[in-house]
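Engineer: Below are the chains, spelled out letter by letter.
Number of protein chains: 4
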Amino acid sequence: MIKVGIIGAGRIGKVHAESISKYVSNAVVEAIADPLMSEKTRKWAKELGIQNIFTNHEDILNNKDIQAVLVCSSTDTHSQMSIEAAKAGKHVFCEKPIDHDLERIKKVLDVVEESGVKFQVGFNRRFDHNFKAVKKAVVDGTIGEPHIIKITSRDPLAPPAEYVKVSGGMFLDMTIHDFDMVRYLSGSEVVEVYAMGNVLVDEAIGEAGDIDTAIITMKLENGALAVIDNSREAAYGYDQRAEVFGSKGSVSVSNDKSSTMVMSLKDGVHTEKPLYFFLERYMQSFSDEIKEFIEAIVNDTPVPVSGIDGLKPVLIGLAAKRSLIEGRPVKLSEMK
Amino acid sequence: MIKVGIIGAGRIGKVHAESISKYVSNAVVEAIADPLMSEKTRKWAKELGIQNIFTNHEDILNNKDIQAVLVCSSTDTHSQMSIEAAKAGKHVFCEKPIDHDLERIKKVLDVVEESGVKFQVGFNRRFDHNFKAVKKAVVDGTIGEPHIIKITSRDPLAPPAEYVKVSGGMFLDMTIHDFDMVRYLSGSEVVEVYAMGNVLVDEAIGEAGDIDTAIITMKLENGALAVIDNSREAAYGYDQRAEVFGSKGSVSVSNDKSSTMVMSLKDGVHTEKPLYFFLERYMQSFSDEIKEFIEAIVNDTPVPVSGIDGLKPVLIGLAAKRSLIEGRPVKLSEMK
Amino acid sequence: MIKVGIIGAGRIGKVHAESISKYVSNAVVEAIADPLMSEKTRKWAKELGIQNIFTNHEDILNNKDIQAVLVCSSTDTHSQMSIEAAKAGKHVFCEKPIDHDLERIKKVLDVVEESGVKFQVGFNRRFDHNFKAVKKAVVDGTIGEPHIIKITSRDPLAPPAEYVKVSGGMFLDMTIHDFDMVRYLSGSEVVEVYAMGNVLVDEAIGEAGDIDTAIITMKLENGALAVIDNSREAAYGYDQRAEVFGSKGSVSVSNDKSSTMVMSLKDGVHTEKPLYFFLERYMQSFSDEIKEFIEAIVNDTPVPVSGIDGLKPVLIGLAAKRSLIEGRPVKLSEMK
Amino acid sequence: MIKVGIIGAGRIGKVHAESISKYVSNAVVEAIADPLMSEKTRKWAKELGIQNIFTNHEDILNNKDIQAVLVCSSTDTHSQMSIEAAKAGKHVFCEKPIDHDLERIKKVLDVVEESGVKFQVGFNRRFDHNFKAVKKAVVDGTIGEPHIIKITSRDPLAPPAEYVKVSGGMFLDMTIHDFDMVRYLSGSEVVEVYAMGNVLVDEAIGEAGDIDTAIITMKLENGALAVIDNSREAAYGYDQRAEVFGSKGSVSVSNDKSSTMVMSLKDGVHTEKPLYFFLERYMQSFSDEIKEFIEAIVNDTPVPVSGIDGLKPVLIGLAAKRSLIEGRPVKLSEMK
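Residue numbers (this note's numbering), protein chains in the order written: chain A, 1 to 336; chain B, 1 to 336; chain C, 1 to 336; chain D, 1 to 336.
Take these hints with a grain of salt, some might be off.
The list treats identical chains as one, so a pair stands whether inside a single copy or across any two.
To be verified - Capping the alpha-carbon separation at 30 Å, the derived lysine-lysine pairs in DSSO-like fashion look like this:
1. Lys-64 x Lys-14
2. Lys-136 x Lys-248
3. Lys-14 x Lys-46
4. Lys-40 x Lys-64
5. Lys-135 x Lys-266
6. Lys-132 x Lys-266
7. Lys-248 x Lys-266
8. Lys-136 x Lys-257
9. Lys-331 x Lys-107
10. Lys-291 x Lys-14
11. Lys-257 x Lys-135
12. Lys-87 x Lys-46
13. Lys-165 x Lys-248
14. Lys-136 x Lys-266
15. Lys-266 x Lys-165
16. Lys-3 x Lys-40
17. Lys-165 x Lys-336
18. Lys-87 x Lys-14
19. Lys-40 x Lys-22
If you're looking for bench data, these hints aren't it; they were derived computationally from the structure.
Just so it is clear, the structure is predicted and the values come from calculations on it, not from any experiment.
With the rest of the complex left out, here is chain A (with noise of 0.2 Å):
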């Protein structure tokens, strides 16, 4: 039985304090600690038999039984609070991104190697059983050599301008799992980026410095390309779908919906929209790659998703921004 701290009992520490206590039978939350610890948090806390709550993460790092912690405090505390914990020898599994600096992003490798610890991003799509599934196709060799991959990403709801200003701007914020995606569905590296940008949604989101929809097109190094749609609104809902093409066919998934209804009436055919957003529609992806991370811990294998992985779907992101500012395809040797 792993013992398990979370540091920030957001939205995302709160989803994988639940998902724990509910299906990783061989891990325990431990202790919750977030600085503006509320009340009802507190009692959502409790409810769930957590026995520590703090509002320091020191709390959590002197804690002897604790073996692993979950890094889910606000992104800009990430590498830090990484850090602390793999020098505190305690495994750690870190919300994406890492930080929106390489440098930073770097200095966690490091301190990682050296505490001998393991680290996992928190690439939760990779355990999607969609995406997965996909996977498993381009691994097989049923599909071939890839030659294109495909991700459409759309969210249901634009962020507010507020939060578009804190987030290190579309392609770190949300673009970075589609490129996590395209590293993990073609088993292949970045090479090159072109990106596409414009601010269609909501002018508040061009006025904060960011863009809402764009395409973003990669060359790879085994020679496939692909290519990412995304907007920050889609009146439908989170729309969610990957393709990779390959020498001997194709492989595509789309979106889960909440039934198999079909329904048949005068004015036309009707079926569900998709489910409504990343809570809904990932949920399940979030329980396993906590159970992944603590079978890691627990077998001392390999993490599914390395801070390699972490790295360099920032790097990506990063020559991406660059790409859109300078406009024109950016190098990946490029970004040092």
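Start from chain A and add chains B, C and D according to the hints.
Structural biologist: Relative to the frame of chain A, chains B, C and D by itself:
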């Protein structure tokens, strides 16, 4: 080049005339006859290049150049016209049903046999791309031994009560195609029928002595079970589906649509309705059945839908009628 | 927090115990009892945190803290256990069927009424996301007045003949869920049944006095017609579909799959098979039915599946059995 | 009745001749000309009822009865034939592309304008039932303002390297249809193009100086972004999909298939592959484009695909070519 005469210039007669001129390269419509030949129809026939336009069908039968006759007159004259045409030495394509009366059907089959002409019955759905795909999976053994045959057949709009009165009843007018499909798809014969029906669409149909909604179950010679569900009126249009479930799996077909469009909006995901009615849905089958009829003449091979294939569905329909009236399953062997 | 005792630690008893501990936040499994309590099961129960593990169900009934009992014992003891539990003042959730004998079921309902406890029957499919979507479209009036109800229900693998012998026959063992669905989806009562069946899957089932393939048709009180098709073995897995066709349109649901994957290859386009069997397919419904049972206790509101809902499908099943034997439609009113 | 002359009796010339005779009731093919008129083609033309069979296209231009000419000769003669036909006062339907050279295209458009004849370009996909459904949803405003346009276009079999050499390259030969679709579906003009390509299907194509796999992104005048993905060879056949995503939702179309068959077997669920290639897939559009061309002549209304519509995709294709060579986004305004 086979010269064809068409008896009856109503809707289906016109469909065949146009089909032949467009799609049947080795046949030509030499003449068309209808006692009510309107000016409009006459004009249409001329534009289609039909040389001979008659009001008396005997003018067709007396034409030595004409080798084949399509009986497209009103249902109550099908058997008489077929007999006359066969006696005149013409090959006969007869629209379904041959007759509502078994004795008259048998008379037709006898005359046909004596005359040695080809005789094909207009069960066009056997030539439909969807139903052919089901049949192929059954014949190829892909789904193993058939266990359950299911047919859904619903019209987009109930006919007027006036029509219902002379139609022979829903089983002989509408379900007759589905009875044919059960035989065609199963490759077996019906031995017993049980019919449940009700008037749920239009009371006037009930007052005309008929039903508008039915479920008919059948036991087949090979041990399989079959079920047809019918409605005279589906709000969303013409619903034409079939499934054969067997020892190795299942094959099914659903409705054709005017496009593959998928519209994803705030209020749901929407697709097209089925093609409106039989003229839209089955046009390809109407030309293919005639193509194969002409081929059978040219190559002197058996027609794809025989006189027996015309008789059997009427027999099943009459048994279903009796079952409905007497409220019990009826064996085909009871029907003389 | 409702304390629950579970009588029977077989497959379904375990499913409920695990469901409650994961998903039912206001209930706890206080005790479990099974005369054959194996070491393995005992270990499982301990790991799940169940405090009391008994071999005698009376230990549950005598426990004052326990407010609700789940009857998950073998079918032939359902009615007796329910009676004892009700007399002990416990709210009862009873797995289906209550009994194969109408008199014994009525006895249970009488005792329940006298005791004033809640009594819910385990027709879990009513809580399934797909069937609920159909029900909603019917209740909302979206598809108008129901005319035709269709249920397809096929198991992935025929049971051994040994099981068949004690199962009460396919209608009471398997179709009983479908009879419940007909009532649930139509919102009406069955008045007459006609059943056709055959042994097409496994001769041993025939030798055991049962059938493995059936089509059952029903007339409903509201005039609608219903049909169920059953097979004990579908090569492609568990096939669970339903459709309600009404005056304004149709609503249907098809099978759940493990992913939305579409694979397009040289030999065709391929998708996943249905989820394997009821544990994979209906897990969500097993927890939701208990959630609602607990809610009914907590809020003292009516249970969502009543004793009458438990009795009626058995009545329909017995009528179907008689119909099959006597080869005629059987009115429910004949069954006393 | 419009008398039509066809210049070029290759594959597409024959398609148009047959389409006209079957589906275009107010036009007749009066003559066909081809310098390589084979005996087989001559026989085919006679059987189709074409009166005049020439080896010299001037015999068509000199025929006073002929009002309209279809330019179906080899691509390198399209512009010259169009100019000659326009000067001879014939209305011109010209297969795509008009030319690979912008100056020669402009010359054609100038001559057409001086001559006052109708001039339509053969972008048949605009008449396809699927793409029309997308266009309608855009024009009706159902999906709001277009934000992202996506086209997938993959051929079933790579052409021989010999063909590739004279084809003008993939962008002018194959993608040109997709460039037209971007303009048609978005209702806007391309302002900038960025093309990525590779040789992944057949090295011989690379040796012939072309690519076989590409992703092309575009910025449009209305702010929307567009992307096309192309492959010269999809193992599963001709892949023709499109999506327009906008402020109110998304509309997409997928491939047509030869039947709606679904086969459920032990090894999975299987459906048909897409229709094989453009002759199978787009036959309906080939007749509809000619129907509308003839209508425009008869009613003296604008043709549905203008000379400018013929020029623009070539311009985009040349820009894409330059983008690929120079490895940078290219503005349309750079192309003179």
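Engineer: Against each hint, give a clear statement of whether it holds in the structure.
Structural biologist: So, going through the hints one by one against the coordinates:
Only within a single protomer do Lys-64 and Lys-14 lie at most 30 Å apart by alpha-carbon distance; the minimum there is 23 Å, versus 35 Å between protomers. For the homomeric pair Lys-136 and Lys-248, the shortest alpha-carbon distances inside one copy (14 Å) and between copies (26 Å) are both at most 30 Å. With identical chains, the CA atoms of Lys-14 and Lys-46 are at most 30 Å apart both within one copy (12 Å) and between copies (27 Å). Proximity of Lys-40 and Lys-64 under a CA criterion of 30 Å is satisfied intra-copy only: 28 Å inside one chain copy versus 33 Å between copies.
For a Cα distance limit of 30 Å, the shortest separation of Lys-135 from Lys-266 across copies, 19 Å, qualifies, whereas the shortest one inside one copy, 40 Å, does not. In this assembly of identical chains, Lys-132 and Lys-266 lie within 30 Å of each other by CA distance solely across copies; the values are 22 Å between and 39 Å within a copy. In this assembly of identical chains, the alpha carbons of Lys-248 and Lys-266 lie at most 30 Å apart only when taken from different copies (7 Å versus 41 Å within one copy). Both within a single protomer and between protomers do Lys-136 and Lys-257 lie at most 30 Å apart by alpha-carbon distance, with minima of 22 Å and 16 Å respectively.
Within a single copy, Lys-331 and Lys-107 get their C-alpha atoms as close as 23 Å, which meets the 30 Å cut-off; across copies the closest is 42 Å, which misses it. Within a single copy, Lys-291 and Lys-14 get their C-alpha atoms as close as 16 Å, and across copies as close as 22 Å, so both meet the 30 Å cut-off. Taking the closest pair of Cα atoms, Lys-257 and Lys-135 come within 30 Å of each other both inside a single copy (21 Å) and across two copies (17 Å). Taking the shortest alpha-carbon separations for Lys-87 and Lys-46, only the intra-copy value of 29 Å comes in at or below 30 Å, while the best inter-copy value is 37 Å.
Within a single copy, Lys-165 and Lys-248 get their C-alpha atoms only as close as 44 Å, which misses the 30 Å cut-off; across copies the closest is 25 Å, which meets it. When the C-alpha separation of Lys-136 and Lys-266 is checked against a cutoff of 30 Å, the pair qualifies only between copies, where the shortest distance is 18 Å, while the shortest distance within a copy is 41 Å. Taking the closest pair of Cα atoms, Lys-266 and Lys-165 come within 30 Å of each other only across two copies (28 Å); inside a single copy the shortest separation is 47 Å, beyond that limit. Proximity of Lys-3 and Lys-40 under a CA criterion of 30 Å is satisfied in both settings, with 24 Å inside one chain copy and 25 Å between copies.
Taking the closest pair of Cα atoms, Lys-165 and Lys-336 come within 30 Å of each other only inside a single copy of the chain (24 Å); across copies the shortest separation is 41 Å, beyond that limit. For the identical chains of this complex, Lys-87 and Lys-14 are intra-copy neighbours only, at 25 Å inside a copy versus 43 Å across copies, given an alpha-carbon limit of 30 Å. With identical chains, the CA atoms of Lys-40 and Lys-22 are at most 30 Å apart both within one copy (20 Å) and between copies (21 Å).
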